[in-house]
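Engineer: So you can see what is in the structure, the chains are spelled out below.
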Amino acid sequence: MEFPKDVRYTKEHEWVRVEGNVATVGVTDYAQDSLGDVVYLELPGDGAAVTKDETFGVVESVKAVSDLYSPISGAVIEINDALVDSPEVINDDPYGDAWMLKVEMSAPAELKELLTADEYKKYVEEEK
Amino acid sequence: MTLKNKNLKITPLHQIHKGLNSRMVPFAGWEMPVQYTGVIDEHLAVRKSCGLFDVSHMGEIEISGPKAIEAVQSVTTNDASELKDGQVQYTLICYPNGGVVDDVTLYKFSDTRYMFCVNASNTEKDFNWIKENAGNIAEVKNVSNDFGQIAVQGPLSQEILQNTCNLDLSLIRYYRFQQGNIAGVDAIISRTGYTGEDGFEIYMPWDKTIDIWHGLMEAGGKFGIKPVGLGARDTLRLEMGFPLYGNELNENTTPLEAGLHRFVKLDKQYFIGKGALEKQAKQGIDKKLVGLEMSESGIPRSHYKILAKGAAAGEITSGTMSPFLGKAIGMGYVAPEFSSIGTELKVEIRNKMVSAMVVKTPFYIRNMAVKAAN
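Chains as they are written, first to last, in my numbering: chain A, 1 to 128; chain B, 1 to 374.
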C-alpha cells in the first residue's frame, strides 16, 4: 500500500497535490484497493464549483457505488477525460495517471485541515 | 465498512481463503470470500478456463421415506414425478399466495430419498417451511452441516476434474449427478452450476471439503484454475439472467412474474401456491422481469427506478458492468406493457434519466468466450 509524501489526504480517501494555487485531486491506493475493479467514473464538468467535504463525483466498482468528496473548495479548471473513458486506471496508478480534477482553489487555507501521509497511514491502519 | 465479523459462520475452507488474501465479507450469516485476485479476473477465468467456488454455505435438506415424492411434490412448483435416480431439477417453493419461499435444486437419489440444495440465506426458513408442510408424510432433515460444497465452473472443468475423479465424467449429462470419488474422498458430483458455463457442483463430507479443494487446485494448476469469490459469482449469474433470491425473487414476487413458467407445472394435482398461480396465469401479471442494457453511460443498480414515457414503470433488481461484454446490464421488474424486447426505457441514476433498452436474456451465451478466443 502506497502513501506518497507529496500529497495530502482526506479521511474519505481522496488525495490532493498542490502546485501554486492549483490542486490536483484523486483517490488513494487504499481507496482503489477497497473498491476493487473500478468500472465507472462520473466527474463534474469544467468550470464547476466544488466545495470541501461535498461530493464532486461518483466512482463505481463492479459491485458498489461510492461518492467522491472534494478535499478543497474552488473551481474545476480541468478534468481527466481519459480517466472517464478508462476508469480501470484508478486501480493501476491511483496517484499518477488516475488524477481526476484540477481545481483552482478559492480557500487554500483548507489544506491545513488535510492529513499528512503519516497521519493518513495511521488512520487507515486503525480503520482496518 | 464494517469488518468486525462476529458471530458469523465459517466454511471448512475459511483458513484457505485467508491464506489466499481474499477479501472476506458477511453474507447470509456466513463470512465468505467476495474476491481473491479481483472480480473481473475471476469472472473471466470462469468464462475462459476454470474457476473454483467455495459454496459450502449453501443449505441441504433431505426428504426421505416411502412417501418422499408426495412431500416433494406438495412443496414444489415443478413436477418431480418424472425424475430418474441421479437427476437434478430446478424448482421453486412457494407460499399459498404464489410468492417465492426459495428457488432450489432438487436431487433424486431414489424413490424414497431426495435432497434440496437451497440458498444459504433461506436454509432455516426452507427447512421449517418444508417440515411444517410436509413433515407429516416424510422425514425432513436439515443436513446442511454434513455437507461442504465446491463448484468447479468453466469450459475446462471436465478436463480438470477428470484428473482427480474415478468416474467417466463425459457420461454425466447436464442436470445429472453420480456418486464418485475425488481426491480420495467420496462425493456427489453434479453437472450443474450458476455461471452459464459447463461445470460441476460437488457435495462432500464437511471435514473433507479441504481435500477436494486441494485436489482440484492441484489438478487445475496447469490449466489456470482460479479460486472465485461471491463477487464474480454474482456477475456470472447476472450475465446469464439467472434470478437471485433476495433480488429477483422474494415473497412478493411469483415465479410467473419472474418468467419462470417452465418450472411451474400447473397441471400437477397439487402444490402449495397452485391456486394463486393458476389465477395469475389466467388473469395476467402486473409486473414482469426483464433484462436491460444501458444505451447511455451509467450502471443500473438494485432499487433504481425504471421509467417509461416519463412515468414510473418499475424497479431494477440487479445490475452491474458486465465483465465479459463490457456493457452495463441489469434486470428489473416493469409493467408488462413495457416488457417487449426493444422497448426503450429510462433508469433513474442519481436523479438523471439514463436511456436503456429491454433486451433478451441471457446476456451471455455459453462458450462465447471460448469462441471469441478462437
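Hint data in this document are derived by calculation from the structure and do not stem from the laboratory. Even for Gly, the Cβ is constructed at its ideal location relative to N, Cα and C. Treat the hints with care, since some could be wrong.
With a Cα cut of at most 30 Å, we get these calculated DSBU-like pairs of lysine-lysine [said to hold, decoys possible]: (1) Lys352(B) - Lys102(A); (2) Lys18(B) - Lys11(A); (3) Lys121(A) - Lys208(B); (4) Lys222(B) - Lys208(B).
Here are a few chain A residues that sit away from chain B, every Cβ distance over 12 Å (derived from the structure) [to be verified]: (5) Glu2; (6) Pro4; (7) Lys5; (8) Thr51; (9) Val62; (10) Ser73; (11) Asp93; (12) Met105.
Engineer: Honestly, which of those hints from before does the structure not fit?
Structural biologist: 3 and 9
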